[in-house]
Amino acid sequence: MKKTFLIVLSLLLVGTMVSAAGKKEDDGAKKIFMSSAYYTAPYGAPLQEAVKEKAAALGYSVQIVDGEENADKQLSQFKAAVADGYDALIYWPGDQASSPPLVEYLNSTKLPWVALNTVVDDSVIDLVPCMIASDEVEIGRWLGRLIIKYFKDNPGKTKNVIYIEGSPGSSYTENLTIGVNEILKGSDINILNDHQYAQYDPTKAMVIMEDMLTKFGRSIDLVVVQDGGMFQGAYSAIQAAGYVGKLGLLCQGQDLIVREKLLDGELYASVAQDPFTEGALAVEMLDKVIKGETIEKWVATPTGAIYAADVDKYRWF
Amino acid sequence: MNQKKVIDIVRNNGIILVILLLIIITSIIERNFLTFNNLLNVLRQVSVVGIVACGMTYCIIGGAFDLSVGSVVSLSGVITILSINAGTNEYMAILYGLLAGVAIGIVNGILISSIDGRTGEAFIVTYGMQVVVAAIALFPSNGLFISGRISPGFFKSMGQGVMPIVIFLCLAAFMEFVLVKTKYGRKMVFIGSNLHVAKMSGINVKFNRITFFAISGLLASLGGIVLCSRVTSSNPTVGLNFEMDVIAAVVVGGTQLSGGKGSVLRTVMGAVIIGIMGNALNILGITAYHQQIVKGLLIIVAVGMDILNKQIKLREMAHDTVFAG
Amino acid sequence: MIQSLPDKKKIVTFMLENAVSVFLVGFIIFMVFTKRSFSTWDNIVNIINESSIYGIAACAMTVVIISGEFDLSASSVFGWSTVLFTLCCNTIGIVGAFFITLACGALFGAFNGYLVAKIRIPAFVVTLGTMISIKGLAYVVTKAQPINTTNATLRAIGNFHIGDISIIPIVYLAVILLFFWFLRYTKFGRDIYATGGNYEVARLSGINVVFSKFMVFTMLGAAAALAGMMYGVRIKAGWAPYGQDLSLYCITATIIGGTSLLGGNGGVHKTVIGVLLLAVLFNALTLLGVSGSMQKFIRGLVLITVIMLDAVVVKRQRE
Chain E
1 MKKTFLIVLS LLLVGTMVSA AGKKEDDGAK KIFMSSAYYT APYGAPLQEA VKEKAAALGY
61 SVQIVDGEEN ADKQLSQFKA AVADGYDALI YWPGDQASSP PLVEYLNSTK LPWVALNTVV
121 DDSVIDLVPC MIASDEVEIG RWLGRLIIKY FKDNPGKTKN VIYIEGSPGS SYTENLTIGV
181 NEILKGSDIN ILNDHQYAQY DPTKAMVIME DMLTKFGRSI DLVVVQDGGM FQGAYSAIQA
241 AGYVGKLGLL CQGQDLIVRE KLLDGELYAS VAQDPFTEGA LAVEMLDKVI KGETIEKWVA
301 TPTGAIYAAD VDKYRWF
Chain Y
1 MNQKKVIDIV RNNGIILVIL LLIIITSIIE RNFLTFNNLL NVLRQVSVVG IVACGMTYCI
61 IGGAFDLSVG SVVSLSGVIT ILSINAGTNE YMAILYGLLA GVAIGIVNGI LISSIDGRTG
121 EAFIVTYGMQ VVVAAIALFP SNGLFISGRI SPGFFKSMGQ GVMPIVIFLC LAAFMEFVLV
181 KTKYGRKMVF IGSNLHVAKM SGINVKFNRI TFFAISGLLA SLGGIVLCSR VTSSNPTVGL
241 NFEMDVIAAV VVGGTQLSGG KGSVLRTVMG AVIIGIMGNA LNILGITAYH QQIVKGLLII
301 VAVGMDILNK QIKLREMAHD TVFAG
Chain A
1 MIQSLPDKKK IVTFMLENAV SVFLVGFIIF MVFTKRSFST WDNIVNIINE SSIYGIAACA
61 MTVVIISGEF DLSASSVFGW STVLFTLCCN TIGIVGAFFI TLACGALFGA FNGYLVAKIR
121 IPAFVVTLGT MISIKGLAYV VTKAQPINTT NATLRAIGNF HIGDISIIPI VYLAVILLFF
181 WFLRYTKFGR DIYATGGNYE VARLSGINVV FSKFMVFTML GAAAALAGMM YGVRIKAGWA
241 PYGQDLSLYC ITATIIGGTS LLGGNGGVHK TVIGVLLLAV LFNALTLLGV SGSMQKFIRG
301 LVLITVIMLD AVVVKRQRE
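Chains as they are written, first to last, in my numbering: chain E, 1 to 317; chain Y, 1 to 325; chain A, 1 to 319.
So that you can see chain E by itself, here it is in the shape it has in the complex (with noise of 0.2 Å):
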């Protein structure tokens, strides 16, 4: 019995490698190789889905790992692939700290290359042939404004906020809060809370969004998500206390909850930061970068508000 069950065990390992392994077909196209940091995150999916797709349009064969957020484990897989003869290669960083090493090893090799949704590390970000990501800023701003516009849309007496954020660390969830306290600067409008993280995942949100409508129940005026996963999770929270309705919500992301949300009218506008625009913009730009044709540093994925007039001119995920 066990010796069965080890032979089977064995075969179906085989099998699952040199399937895997057969699927590699060398037709003389040009070969991208793309390490991930967030894989698995759910902006990931559609961003890596943009980056086949415009890759196919445009000639390419592309072959996508994930970094595991892990810059060590990053660098060896574009060691394995510079070894293996890809063409051109595509950096997605976790933490910027950890980026200038592969930032000059990827030049190193004389290979055009570009990065790709984290901004790489101030020390480095000239040496990058060219950097496709948001303004993360930016996209703070717009949360700033839109929060102002909150409020003169639906005057009270108070104007009190909950503010969720993401990872510490994160280069996004810092940014964005720049962005979002810029605008603020000097304000009447008050964040009742001390920084929340709830590390981009919907449970976490939820916990968190549940005690703060334990601490402060009916004072809170505007509840403001970093992104849309998080939303969701926020969502599920206040829907489950009774409180839709008795709130305003304001959030980034497109999700399809988002954009559910949006045409509910409970969900006053989202910030657009669109996966694959991005993705698409990251081939294109990485084709100019292998035909050697002169482009810029930096190219802004685009940004603005969405409101729920707006929800068709968006790809959602």
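Derived by calculation from the structure, the hints in this document are not laboratory data.
In this text the structure is predicted, and so the values were computed from the model without any measurement.
Just to be clear, a hint being listed does not mean it is correct.
Unchecked claim - Covered, in the sense of this in silico footprint (three residues per stretch, anywhere, with C-beta under 8 Å from a C-beta of chain A), are these stretches of chain Y:
(1) 173-187
(2) 241-249
(3) 254-267
(4) 293-307
Even glycine gets a Cβ: it sits at the ideal position worked out from N, Cα and C.
With the hints as your guide, set chains Y and A onto chain E.
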């Protein structure tokens, strides 16, 4: 005489007193802490970990543990939500999710009992299973949160109001009853405390061990479904590192990891203690990372107190024996 | 005259006993023929580099496992060490950074060791607690931000190469030799085997079991700190979540290598094979063009297969 009793109570339940202290301090600083609503919130927040921890308790008492529960939580949520979105009747969707958990548990059980594995083998096999199942959970959506198109109904109600708490506590009570009062429970304790002897005593050890893992998998998938219902979406990576929280609840509750001894009710206590601590610190405005420092120390202190207490008791008993005669 | 076993049976027995090594060799042969880029010098260097950082900690974890315990907090000591090392490189220079980080790691290890060896709290509990707390501490100290350093000496060390090999594999090799030597050739090492093999018997025969257990945890703390510093040499940055998977990786490599979790047997040389297997596997999967989720799936399958193979072998030996 009375003084000794008080000291005894303190020593036996040291950890509870520490928590009581925290509760008192927090409720003075923050009025809304000791409200019915908040306590209900806390219970609800720990329900998912609690449900899974009950299953883990059985596994641990039976002499192994199951590191794959986190991934099962993720997978069952994905399966249930996908089924509902595809139009399946919600009861069937829940069933599919539960079946996935049981199936994974059975596979774990078969693998481990076929090699008569103990802690080491159980560790690696369930860890490997954790990686495999996590990958499977990612296949359908590649990481996207799948939003559930859920209309009010049984599934939705599973995560709302007191339902998660009811599910958790009823389950715990039932499992404790089975553990203490039935032959099955006694078999579990026997197998956990001495695998060798249990084998020779005619019990079908292999079959029973498979059931422990199957139950752990079943409860993990139940937890995953309740979680999904609360957030009305499935997050394929929600279970990452979940097993550590679950094991922490079991350990703080007092069940020993060596097997053969333990109580589901104590696990409930462990989960609640950790939950209240997190809630109190959240409300006090202490950030997540400071909380982590406290949480880790709490785990050590909780078990440490228990152990020191037992050692002192043993010494006292020896002392009494020597001086009694 | 004694009849010798038929050759076929001998081969099968040998293969099963060294199942992991056989698997490794077979897999390498498979890869060499499937992918030309696998056997390039560049790729081999990559594999060596990739396995070295975690490998340092894996050696020390093996010692802990031989003594009959294990340690979940190595991951957090690693992450903390990257933070402390980077902070110190930015303030007091690399020499100070080295000693302080190493000492701090040893201190954390000693804390674990004291609670496990002297107070007799189960290792799982203690190291779970310290894993959570130390990681929290690392976050708090940097206000959750990742930090990096441009220390020139660190850079120079990172760039130092003998041929294509950087300093990290050299440190790894030194650690392997050191651990191998003291496990096999010193009383201290033999005591550790005895403690793991049968605690009570060892204690009764006069071995200072408490000291043994205490020291193995301290050594792992120091090794995790060293590994963290090597990470700093390669990436020149520090952040709490770096190295999250270190503990499980080390335990996995040890068990795959053939050391039993029950303690009392095995050795560092076996773990080196386990580390190599994991490194070759990860490298191969990337080269084969396997996508992210599928890689995880295969990794998990390999783990399960190897441990099952190993267990079957051990059972056969017992019979």
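Hints and how they fare:
no. : hint    : in the structure
1   : 173-187 : violated (count 0)
2   : 241-249 : holds (count 3)
3   : 254-267 : holds (count 3)
4   : 293-307 : holds (count 11)
Comparing the model with each numbered hint stated earlier shows that hint 1 is the single one that does not hold.
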